[in-house]
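*Asks:* Residues per chain, in single letters:
Number of protein chains: 2
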Amino acid sequence: MKYRAYVFDVYGTLFDVYSISEKCTYYFGDKGISISQSWRQKQLEYCFLRQIIGTYIPFHEITKNALQYVCTVEQVYITEEIITDLLQAYHYLSLFTEVKQALEMLQSETLVVFSNGSVDMLLPLLNNSGLTSYFHYIVSVDEIKQYKPSPLAYQHVCNRLNMQPKEILFLSSNTWDIVGASQFGFQTAWINREKATMDLLGVTPNYMVNNLQELIVQQK
Amino acid sequence: MKYRAYVFDVYGTLFDVYSISEKCTYYFGDKGISISQSWRQKQLEYCFLRQIIGTYIPFHEITKNALQYVCTVEQVYITEEIITDLLQAYHYLSLFTEVKQALEMLQSETLVVFSNGSVDMLLPLLNNSGLTSYFHYIVSVDEIKQYKPSPLAYQHVCNRLNMQPKEILFLSSNTWDIVGASQFGFQTAWINREKATMDLLGVTPNYMVNNLQELIVQQK
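The listed protein sequences derive, respectively, from chains A and B. 390 is the number of the first residue of the first sequence in my numbering; add one for each residue after it. 390 is the number of the first residue of the second sequence in my numbering; add one for each residue after it.
Looking at chain A on its own, in the form it has when it is part of the complex (with noise of 0.2 angstroms):
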């Protein structure tokens, strides 16, 4: 292969975030999804005011934050233990169903994962999903408190990889984590699994497929 290394985002590259909507249709009834949807923006949007205001909080608080947040603006009930056991089903993400067979398929190579997401929220999650052994290294922004897309939290990872950027493949269906990664000097594949519109942000990707297994082929 190619590259040095392959670089996977989590959050909706690997593990789909919107599989929470079925324990927020469980507790909010008809307002479960859109509730869900709004608690995954707000989180972004918060990571983002965040890096640029300079105030980092751990990704878990800021996903509290949002959930609080969006509960209050959907004047929903909640408890302390409703918002724990929400936080908790984060633990619990779905993989989307290609990843498996798609990291087998890479596994002679050196495999990375790198999220905003804090280590007690990462290890959880892909413990319970058996993907831990996949990877050689986990990468958190939380070691040294810059969000991506900062060209901070991408060097972070050259720097635990001692690697240069362009040794690199960075993997995220995310745009704003392409835009920042490509920017910063990965290379860069767009798992566009939704079909969605790349944003116009000055930059393009150098592969743009539908899924992690369309990828390994075109790699071939």
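Mixed in with the good hints, there may be bad ones.
Which copy? The list can't say, so a pair holds if one copy fits it or any two copies do.
What the hints assert, rightly or not - With a straight-line Cα cutoff of 16 angstroms, these simulated EDC-like cross-link-like pairs (lysine to aspartate or glutamate) come out: (1) K391 to D588; (2) K555 to E470; (3) K412 to D474; (4) K584 to E556; (5) K534 to D509; (6) K584 to E463.
These are calculated hints, taken from the structure and not from any lab test.
Place chain B on chain A using the hints.
*Replies:* Chain B alone, transformed into the frame defined by chain A:
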């Protein structure tokens, strides 16, 4: 009055960005209102992401890119002429009803506008609405190419005015702007016309009011 300067955000604070929805409805029919909302949301997101990634381009270009993206997603037909006409509508946004009277009540104070907008957007907008003469300073982030809510942007206002953050009252309807400005050290007033919910980003403004006039009454 107790502040050396009153610094006003522009879009959403003095002017209603959603007044553009009328023109969107003219071009896009039933999709007009939702396009105007997505357009604003994407415009903000592109400012935030470019600030984090470090790829500044002026606000009018971001505004154009955001419109193009939304039209692609919504699958509506658009030409260069329509884009030009819609961007032109940003020079003719509606003032919120109480703005002029509020500025008149403050006319013995030092009044400032401070916006993510570039001056090629700000000057026509202020002129067309008859607001220019109320303001002693027109400050754009374009002068330093750092978008709000970066602390570098708020510092630029202090530099232009030669004032300390605590001497300034900053007024905005945008919660992310209030959070950034409060964190930086400005005194802040959140003009919350829509009875929105404050974001959970660890900061509360000094004042929360329903409109500008309510703030002035509180100040007297």
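*Asks:* Any hints this thing doesn't respect? Which numbers, in order?
*Replies:* Going through the list in order, the structure violates hints 1, 2, 4 and respects the others.
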